[in-house]
Every structure is written in C-alpha cells, then in structure tokens.
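Q: Below are the chains, spelled out letter by letter.
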Amino acid sequence: MNKPITNDLNLKLLLVTFCVAMFSLNAFADTDLSAREIMERVDEESRKSTDSAFTRMKLTTCKYGKKDGKIKCAEKPRIKLVENAQINTGIDDKDTKSVAIILEPASERGIGMLSYSYDDSDRDNETWLYLSALGKVKRISVRNSDDEETESASIFGTEMTTEDQESGKLDDYTYELLEQGKFRGREVAVIESTPKPHRLSKSSYGKTQSWVDTERFITLKVQMFDKNSNPIKKLEVGKVEKINDVWMGRSLTFFNTVSNRLTNMRLEAINFGVDIQEDFLTQRALTDQAFREKYLKDLRKQAQ
Amino acid sequence: MKNLLLYLNKYFAKVPSQLIPYRKAVLLVALLSTIFMGYGASRFVLDTSFDVWFSESDPAIEALDEFRDQFGSDDGLFIVYEAKDGDVFSNKSLTLISEITETLDNYEQISNDVWLNQYGLTPDIVESLSHIKRVQSLSNIRIQKNEDDVLSSPRLVPKIIPSEQNQLSAISSEADDQPSLELFMFSKDHRYGAISIKTDFGAIPVVQESDDELSLFSDDDWSDDFDASMDDSAVIQKIEYQPDEPALYIPFMKAITAITEQSKMTEHFNFYPIGNSAMISLAMDTLIQAAFLLVGMVVIINLLLWTLFRSASAVVLPQLAIGLSILFVIGGLSWLNLASTTLIALTVMLVIAVGVADCVHVMSSYLFFRRDGKEHDEALSKAYGKTGVPILLTTITTMAGMSSLAATGMPMFVQFGLSSAAGVFFAFAYTIYLLPVLLNYWHPMQTKKAGNQENNKNGIKALALNFKLKSLRFLSFFAKPLLSASKKIGLTWLVSAEWLQPLLDRIPAFVERFRYLIAIIFFGGFIVCLYGATQVKIDSNLVELYSDDVPIGQAYDIVDDNMMGTGNMVIVVDTARSDGIMDPAVLSSMDRLQNKIEDSYSDYIIRTNSLADLVKDTHAIMQSSEEYRTIPNSQIAVSQLLYLFNSSNPEERRALVSDDFSKSHISVQLRNAGSEEYKDFFDEIQKDINYEFNTLTEIYPELKVQITGSFALMMRLADDISKNQFKSLAIAAVVISLLMMLTLGSLQAGVMSIVPNLIPATLAFGLMGLLGISLDTDTLMIAPLIIGIAVDDTIHFISHYRMSLAQNHNMKIALVETIKEVGQAVTFTTLILGCGFFMLTFSDYLGLAKIGGFGSLAIFVALLCDLLFFPALIMIFKPKFGQKDVDDNLNFIEASK
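In the order they appear, the protein sequences are chains A and B. Each residue of the first sequence is one higher than the one before, counting from 1 in the numbering used here. Each residue of the second sequence is one higher than the one before, counting from 1001 in the numbering used here.
Because the hints were derived from the structure by calculation, they are not lab data. Mixed in with the good hints there might be a few duds.
Straight-line C-alpha distance at most 30 Å; calculated DSS-like pairs for lysine-lysine [as the list claims (entries may be wrong)]: (1) K1723(B) - K66(A); (2) K1159(B) - K80(A); (3) K1024(B) - K1537(B); (4) K202(A) - K1024(B); (5) K1159(B) - K138(A); (6) K227(A) - K1133(B); (7) K1254(B) - K1238(B); (8) K1878(B) - K1812(B); (9) K207(A) - K1884(B); (10) K138(A) - K1616(B); (11) K1704(B) - K63(A); (12) K1133(B) - K1254(B); (13) K1159(B) - K1145(B); (14) K138(A) - K67(A); (15) K66(A) - K76(A); (16) K1679(B) - K1537(B); (17) K80(A) - K67(A); (18) K202(A) - K1159(B); (19) K1687(B) - K1596(B); (20) K80(A) - K1616(B); (21) K1254(B) - K202(A); (22) K1616(B) - K1188(B); (23) K1238(B) - K76(A); (24) K136(A) - K297(A); (25) K227(A) - K1238(B); (26) K76(A) - K1145(B); (27) K1254(B) - K196(A); (28) K1159(B) - K227(A); (29) K138(A) - K66(A); (30) K1238(B) - K207(A); (31) K1254(B) - K136(A); (32) K70(A) - K1238(B); (33) K1133(B) - K207(A); (34) K196(A) - K1704(B); (35) K63(A) - K1687(B); (36) K202(A) - K1878(B); (37) K1687(B) - K1723(B).
Computed spacing ranges between beta-carbons, pair by pair [what the hints assert, rightly or not]: (38) K66(A) - E1626(B): 44 to 52 Å; (39) E176(A) - I1160(B): 33 to 41 Å; (40) D1680(B) - D288(A): 43 to 51 Å.
Every residue gets a Cβ at the ideal spot worked out from N, C-alpha and C, and that includes glycine.
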C-alpha cells in the first residue's frame, strides 16, 4: 500500500521469458551431465540471440477451471497486447535499451515504458513511464543497491512475476537431478533447484522443479513450491517452433494453483537481429505517437 | 401422578436389594462399558477453531470466506512498542527495531543453534514464523518521493542507521510529512512505534496432494493445443482453507515473544502486541491458569467431602461418578465422530456439580439413617427411597434445561446442550445403578467386625481392603497434623458439620417467628433483582474480559490512544461487473463514504483506507500537484493510474482489489469498544452505506456493499450468542417450571417452587444489572449451570416435603423431617460446590471469575431459599399439595418451649 510505484518493469525480462524455452540447433543428447551442467546449458542457450529483438505478445489472464479434462478459462479473460523493441548497446553491448507499448486493452492503450539498464553497477537503471490518458512522463528511480530488495513484481498485472523470468545467477541455487526419462515424447531430466539461504529470503519459492529436454536444453515445464514445499505455481511451455534458427516455445502458460488463475503468454510476432535505431529508444517514442507508429510499422514488417 | 411418584419411590427403594445379587454382573457391565467409552475417548478431538461457532451455511461466514478468498487474511499481528528514551527515531531505537525486523524477515537464514542458544526456540517453534507474509517497521518502510518528475520510493531510514542527531532529526521530520505512516508506524509524539506483521492465518489453503516422485513423468492435464478460450461451464476447483486453530497461534506468539523479550530489547522498549495471535495466546495462558484453579476446586471438594462424611468412600465414590460421567460424554462424542468444542469445559463443571449433588444426597441420606441406628441394607434402601425420586426429577429438569440450549440453533450450543444433558443422565445412571453396588463393597461407617470376617473369607477382597487401609493410614499421616491444628482453631468444628443438625433443629421455630419478615425480604429481594435483571447490559468487550493486572487492557488503551486502534472492519464493495471498481462514480462513492464515516464516528474510527485513496495519491503524484488529489473523471485515466499498482506485487494488489476489478474494500481502523456499542455502530454505518451507494444501483443492479471482517463478525457473534442465550434461558425457566408443576402433581406446589427456584438466578443477573457489570457471552453461559444447580437443591427439598406430607399427612412432621434430612444434604452440596466454584473467582480471566463468583453466590442463596424462604412460604400459605386430611398445625415456637 505504501509503495505502489516501486517496481521498475525491466522489459528485458520479458524476452528472457522466451529464452527459458530456447535451445540451440546442435542438440546435445548427453544425459550424463550433472544437474548443474544441464542448467548451465539451458542458461547458455537462452542467452543466445537476445540482441536487437522486436516482439509482439498477447497476455491472456483468467480464472481457470476444467471442462472434459481440459483446462479452460472460467471467466472472460483479460487480454493485453504488448509490443516491445530492444537493443543491446554500450561497451561490449552489455547495456540494454528497450521500449514497450501497450496496444490493448483500450483503457491502457498507449501506456509506454522506456528502460535503460546498465551493466555498470554504480549506474542506476532508468525507466520512464508514460500514461497516455494523462499525457505525463515520469522517471521511476530504483537504486541498484535497493534493487535486490525489491519484491518480485507482477508483469503487467498478470500471474507472471519478474522472478519467474530471471535467468542466470546459477550460483544462487543448488541443483539436484531427481529423475530422467521420457516426458511428452522427449528425453527429459527433472531437476530440482533450491535457493541458497541468502537467495531464499528474497524468493517467493522454496524450490522449483524443471522438466528439461536434455536433447535440446529447453525447459518444458516448471513446478514452483512455496517455502513449506507446497506446490503453488507451474509453468507449461507449448507451441515449440523454430524461429530465426532458434527453437522456442511460442506459448507459455503460468498457472497459479493456489488462486486458480492462469496467464498465457503467446508470442504473436518475433524477430531477432532487426534494425532498431538507438534514437527510437528515447522519450520521444513514448510521447510522440506519430513518431512511434512510423517506427513500429517498419518493425512489424520485419517481424514474422 | 401421585401413584406414579409413590410407585417410583418404592421402585428406587428396592433398587439396591435387587441389584446386590447381580453385583458382579453390574460391575462387569460397568467395566466393559467404561473400557468401550475409554477406547472411544482416546480418539477425542477438540475443535478450537473460530468456525465452530457458526453453521456452515451462515451467510456471515460465507462472506468472510469469500473475503479471504479474494483479499487474503485479515488477521495480522501489530506489535506496538514504547521507546524508553521517548523517541522511536533515536539511533538506539531504530537499531534495535531494525534487528527485530531483520530477524523476522530472514528467520530462515538463522541457524537452529542460534535459535536454540540465543532465543531458546526449537526448530518446530521457529517453523511457525513461516506464517509471516510481510514485516513492516520504521526500519524497512519505504516512502514515496516525487521530485523533478522522478518517482522514487527510498527507505525512510537508510540501511546504515545514522548516529548524527541532525540526520536523525531529518528522518523524523521526513516521517512526519507522511500521513500514511503516522499512527501506522509511529505515534504523533514519537514515543510509540509499531511493527506490523501480516500473516496468512485464516487464509491458509488446504494443501492439494502434491505430485510424488513416481508421478514426475505421468503427464497431467496439459495439452499442447491449449488456448486460453473461455468456457462458462468449466469447473473451478474450490479453494478450501485450513480451520483457524489456536494451535497455530501459540508457537507463533512464542517465537515472536522470544525475539522481543530479549533483555536488550526489554531494557529499551515496552512491547504491546495486539491482534488475534496475541489474544489467543493470552487466552491459552488463562486456560492453563483455569486448569490449575479447577484442580484447586477439586481439592476443596475432596477436603469438604472428607470432613463432612469422614469416610474415604464418600470422597472416592462421588469423584468416580464425575469421572465416569465425563468419560462417557467424551467417549460418546468421539464414537459419534463429533469434535468437542471448548464448551466441553462447562459440561465438565456441570457434571461435577450434578455428580457431586446426586451422590451427596444419597450418601447423606444413607448416613442419616445409619446414625439413626439402621443397618447398612435398610439404610441404603431407605436412602434410595427418599432420594431416588428427587434425583430423577432434578435429572429431568437439568436435562430439559440443557437441552433447551439446542433451541438456539447455533451448532456449538446444540452440541453443548445435548452432551451436557447426556452427562447429567450418566451421573444419574451411576448414582442409581452403580453406586449401591459399590457401596455394598465399600461404604462409610463400615463395622470392623464385618471387615475382619470378609478379610478371612476372600483373598482378593482382603488385599483390596488392606491396600485401602494402608493408603488411608498414609493419607492420615499427612492429614492428622493438619486436622489437629485445625481443631485448635475451631476449623474442624466448622467444616465437620457437627453444628449442622443442632442448627437445623432450630430452623423451624426461627422461621415461624420471622416468617413474614423472611418472606418479605426474599420476595423484596426477588423483585429488586428482577428489576436489576432488566437493567443488565449485554455486552462483550474483549479487553474487559481480563482483570486489571493483565497488561492487555493497558496495551489496548495505548494503541487506541496513540496508534491506529485495535479493531478493524472492512466494507466490501462488490459491483458484480468486471472493471466496475475502476468506474470513477464507484470510487467517488467509496471516497465520500470514507469521509462521511470518518467525520460522523470519530469516536470509533481512527482512519479508513481504500483503492480510492490510492487512485487519489497516484493522481496527485503523476500530475505533480496536490490539486489533483482527486478521482479523475474518466475511467481510462483511473485505469492508467492503477496500471502501476496492477504491475506491482500481485499479492498486494489482490489484497485490495479483485483480479477482475469487480470487488474491492474499504478497511476501517477502529478503537476497541463493547459489542453492544458496536452493534449500533454497524447498523448506523450500514445505513450510511445504503444511502451513499443507492444511486449506483441503477448502473450496477447487483451491487452489494456490506460490512465484514473477523472483528466485525466476532462482535456480531457476541451479540448473537447473548440474545440466543437469553432466549434459551427463558425457555429453560419455562420448561423447568412446567416440569415442576407436572411432577409435583399440583399447580400450587409448582407455582410455590418457581419463586425460590428463580431467586438464585435472578440474584446473579439482578446484581450484575444493579452493579453495572455487563453480561458477556461467557457469563451468559453459566446461567444454565446456576439454574441447574440451584434448582436441584430446591427440587430435593420440595419433593421430599411433598412425599413426607403424603405419608404422614402432617405438615409439621413433614417440614421437620425435610429440614433435618434434606437440609443436611443440601447444606453439604452447597458447601462443597459453593466453595469449589468460589475458587474460580481467582482467575485473571473475568469470564471465569464471574462464573465462579456469581455461581457460588447463587448456590449459597439457593440454600437460604430452601432453609428459610420455602419453609416460610409453607407456614404462611399452608399448601396441601393435593393431599387430603392434612394436619396443618405448624406451631413450632410453642412446641420448642
């Protein structure tokens, strides 16, 4: 209540989400890898090709129920359509600039966010928020030192949280290989990740179990548990396709099994290595609609 | 009816002699049924959850469940602290509070050894801290800043707490500029601060079966062609919550207390925990104290049984009656798969009272005849002949009284009433059918000769007897010095009842001399108490349930005076339409209602908070101007202002507004007051709500705005219980009176018995009304008990008198006989139970103390009614109880001359 405006929505995370489901072409069917090594491979694969990307995604959130054994939305789903453009920049391309614009619902159309994140930990990340109905831009300041204390935030008010999107930080967890076998027709290893104590206090989860395709190093399913080892959430990865030489799940569904709500994130369009000018990723992209539309039109053309 | 009573008299007189030949069979049946019930009792379940007070379909509980479903638990812990240096913003205060906050926030990072050595907590206690969802204190709270079009939310107090005074002053003046933090985190004078702990109590979902290792690869309901399309008929799995058990709160409070009560903390702070967790933990402490007092009650009962009867059997056998009856009740409930509630404690008290009374009446009568020179068998038969019918009558009336509780329809009371009635019945069955057999083996005034003969006859019996003698000798080793000491100070004379018979002998003449005065005093007292009873305020106030020595009252006062207040309620706004809450008209109504009730009820309401406040705050921030601290006119603007809030912590957003933005709530912080005041207050607020939201019903025909929250529910419950109890009490009085008229076989006798019956109960309520002591739920529960016990003695008295009158056709003989025989038993039971109940007045928990105080008062007054008022009535009105040819000469004064 006292801190509604604390969460910088670093949209880099959105892309990483899809990266969770990425894998490389040279499939690696070696199942003798340790749990940690498997997770390293998944992380490595997911980091490929995040440069200069344009995406359009549809986020569908609803309370779900079952009909004839199939999961369905039990109420009118809330749908958000978001376009996002991102480039890597700075020294060694380690900084990121991105802009995200909401297309739907109508009440939120035109809300935009511009994010600059810097590799240099002494430099604060910057995020600008634009509310179209008020015509105002505000910079949201979150100090890096505070950042790690910031609670996990929901992405666009859906069941996805920033913690669900995080990648890397492998040293923060211990990994255990629970079982190997066939799962949905693939060779899969089930790996349990447990946060180390310093990580646990910041995490919403006590542990997670990932079903990793050991041929393609793609995560097919993740089960999240609370700190008392009760299952609370799960992620299902679907619609696996090859895009720009990269395999990805175009449909990610997060199930909050406590509140019976789900969010389905579907990649409507995606393109990597598109030509995005740095001068587009400025505040003008938020406030100047004509300027923005011209750029986006071009990007949409490039995307599949 | 007269024939029936005479027949029953004869029947009861014959019971002992008919049972003795089958004594082994009787014992065997008793033993087997005890084993059966004992086995059942081993599965005894005590349900202490809050929900047991409501029937499952209660709309109020449904509303609360729905609320928790939507917004999570409303049950947190608020620890207010007083800084002994007078400043919560001093370096020391902030440093120590930061330490507590860190410990609570990161409890899982502290090793088991540290928990054990530093805090004395075992891992299972520490585990309970997992119920903490969020800890907020001055040391970690963030403030919103809006400077040069930059929004930030830095900590109010930096992680490294400054020691420079000017820096600390800057922090405290920065805090003063945050209206949302004042009263919530610190008091206006900076003397008090608070740690707010949000928990999941009351909203802990029942854990669904987790996938075990084997099923890791058995695929579930997922299919790759999933699309998030809608199907109205999809079945949503209902979320079930774990029952709200006090057992959850106890270790939690223990862990919290261990952290706050470290010596370095208590040297600098006084802590005042507020909230359900603190209250329940306190209630548990009082329960433990109550258990000790109950033990004290049993000791006193034992002591009196021993001194009055001078016989070990008189001590052991009544307690066996109590023990078996309670075992049968608990065993029966367990076999029926019914969980007991805390009210079982009252059932136990009732069974103690009834069991003791039943046995004492039989044994007192038995002793009376033995001392009169009768042999064991004859004395026993006569005792049962005299007491059987009255015991049957008291059993019926008490059972009827307790069963009338079932009329309240509240599930907890239905069970309490019926199981108590069963307990009373078990005590009756024991007294009539098992006691004569047991007395056959072991009875007071056992002749030594008989003992020796039996000694020779039967080895086992000899062994038992030997053991008994040995243990008696062992006991008397300790008891003798006490007895001789008490003899010196005249205590023995007092408690051994040597004075009783001479005193009883003088009663008839005394009553005759003062009969009109006695009648006027009692009747006058009755009228005054009736008036007093009409003045009784039915009011349950959480704080007033405790005596002044318990710090909770102090804590509530401090929090009500300096901080956010100790109570809270929520007004749920349900538009029944998606995005309804984003409608500026709805938000404006919420805003206006908040202003209205904050102004009108400033005595109760400290502050209110809702989504409307959030929208106004965000509006002002985004427009960088206080002029815009308003609800915007367009729904799109509202929706965009809420965008950031939507995107922040979903748990927090969900705690304030539902996922589809159809429902939200206004939370209202309240000062503590009694249920009576609050009931009116809730009614008034509901009127304001209706007035404010009526205009919206055209746009939102299904709009529902109502008050809920566990505090509001508890207040409503207290009021409901009071009303229901009052109703059941009235039913009990009517039922008992009717039964009396019926069994006494005469309207005259019935009417005459009602007034002495009603006096003890009226006295208790009347005194409360006259002394301005409010009647709370706990005190009300004692009422059936008081009536039950007081009525019992009167019934014994009246029915004995009536039987004697039927036999002797002489009022004088009947009255003398009744006073001498029943007077003794009634005095014994009164002394035993009156003193026993008096023990409870020492409880810190006023609910129990009142039960003890008024209970023992009622019991003693009932004795005076029986010994003085009833004889006076007989002497004045000379009722013949349907008998003919009665000698109504009641001239005692001349006779005694």
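Q: Please go over all the hints and tell whether each is borne out by the structure.
A: The hints, checked one at a time:
With a CA separation close to 45 Å, the supplied pair K1723(B) and K66(A) exceeds the 30 Å bound. With a C-alpha separation of about 38 Å, the suggested pair K1159(B) and K80(A) falls outside the 30 Å cut-off, and the hint is violated. Taking the CA atoms of K1024(B) and K1537(B), the gap is about 56 Å. The hint is violated against a cut of 30 Å. Between K202(A) and K1024(B) the alpha-carbon distance is near 71 Å, which puts this suggested pair outside the 30 Å criterion.
For the hint linking K1159(B) to K138(A), the alpha-carbon distance of about 26 Å falls within 30 Å, and the restraint holds. In summary, the hint linking K227(A) to K1133(B) is supported, as the alpha carbons are separated by about 11 Å, within the 30 Å threshold. For the hint pairing K1254(B) with K1238(B), the CA-to-CA distance comes to about 33 Å; that exceeds 30 Å, so the pair is violated. Our distance criterion of 30 Å between C-alpha atoms is met by K1878(B) and K1812(B), whose separation comes to about 10 Å.
With a CA separation close to 89 Å, the supplied pair K207(A) and K1884(B) exceeds the 30 Å bound. Between K138(A) and K1616(B) the CA atoms are separated by roughly 17 Å; this keeps the pair inside 30 Å, and the hint holds. Between the alpha carbons of K1704(B) and K63(A) the distance comes to roughly 22 Å, so the proposed pair stays at or under 30 Å and holds. Distance hint between K1133(B) and K1254(B) is fulfilled; the C-alpha atoms sit about 17 Å from each other, no more than 30 Å.
About 18 Å separates the Cα atoms of K1159(B) and K1145(B), which keeps this hinted pair within 30 Å; it holds. With a C-alpha separation of about 45 Å, the suggested pairing of K138(A) with K67(A) is violated against the 30 Å cut-off. For the hint pairing K66(A) with K76(A), the CA-to-CA distance comes to about 15 Å; that is within 30 Å, so the pair holds. The suggested pairing of K1679(B) with K1537(B) holds, with an alpha-carbon distance near 13 Å, which does not exceed 30 Å.
Taken as a hint, the K80(A) and K67(A) pair is honoured in the structure, with Cα atoms around 25 Å apart against an allowance of 30 Å. Taking the CA atoms of K202(A) and K1159(B), the gap is about 16 Å. The hint holds against a cut of 30 Å. Only pairs whose Cα atoms come within 30 Å are accepted, and K1687(B) paired with K1596(B) is accepted, the gap being roughly 12 Å. Pair hint K80(A) plus K1616(B) holds up; C-alpha atoms about 25 Å apart against a cutoff of 30 Å.
Proximity of K1254(B) to K202(A) is assessed by CA-CA distance (about 25 Å); at most 30 Å being required, the pair is judged to hold. Restraint check: the Cα-Cα separation between K1616(B) and K1188(B) comes to about 24 Å, which is no more than 30 Å; the hinted pair holds. For a cut-off of 30 Å, the pair hint linking K1238(B) to K76(A) stands: about 18 Å separates their Cα positions. Proposed proximity of K136(A) and K297(A) is supported: the alpha carbons are some 24 Å apart, at most 30 Å.
A distance of roughly 23 Å separates the Cα atoms of K227(A) and K1238(B); the hinted pair therefore holds under the 30 Å criterion. In summary, the hint linking K76(A) to K1145(B) is not supported, as the alpha carbons are separated by about 37 Å, beyond the 30 Å threshold. Among the hinted pairs, K1254(B) with K196(A) is consistent with the structure: their alpha-carbon atoms are about 27 Å apart, no more than 30 Å. Between K1159(B) and K227(A) the CA atoms are separated by roughly 26 Å; this keeps the pair inside 30 Å, and the hint holds.
Using a Cα cut-off of 30 Å, the hinted pair K138(A) and K66(A) is violated, with the two alpha carbons roughly 43 Å apart. Of the supplied pair hints, the one linking K1238(B) and K207(A) holds, its CA atoms being roughly 25 Å apart against a limit of 30 Å. The suggested pairing of K1254(B) with K136(A) is violated, with an alpha-carbon distance near 50 Å, which exceeds 30 Å. At most 30 Å may separate the alpha-carbon atoms for a hinted pair to count; K70(A) and K1238(B) meet this at roughly 17 Å.
With a C-alpha separation of about 17 Å, the suggested pairing of K1133(B) with K207(A) holds against the 30 Å cut-off. Between K196(A) and K1704(B) the alpha-carbon distance is near 47 Å, which puts this suggested pair outside the 30 Å criterion. Proximity of K63(A) to K1687(B) is assessed by CA-CA distance (about 34 Å); at most 30 Å being required, the pair is judged violated. Between the alpha carbons of K202(A) and K1878(B) the distance comes to roughly 86 Å, so the proposed pair goes past 30 Å and is violated.
Only pairs whose Cα atoms come within 30 Å are accepted, and K1687(B) paired with K1723(B) is accepted, the gap being roughly 23 Å. Between K66(A) and E1626(B), the C-beta spacing of about 51 Å keeps the proposed range 44 to 52 Å intact. Between E176(A) and I1160(B) the CB atoms are about 38 Å apart, so this pair conforms to the stated range of 33 to 41 Å. Checked against the given bound of 43 to 51 Å, the beta carbons of D1680(B) and D288(A), roughly 59 Å apart, lie outside it.
Hint check: violations occur at hints 1, 2, 3, 4, 7, 9, 14, 26, 29, 31, 34, 35, 36 and 40; the rest are consistent with the structure.
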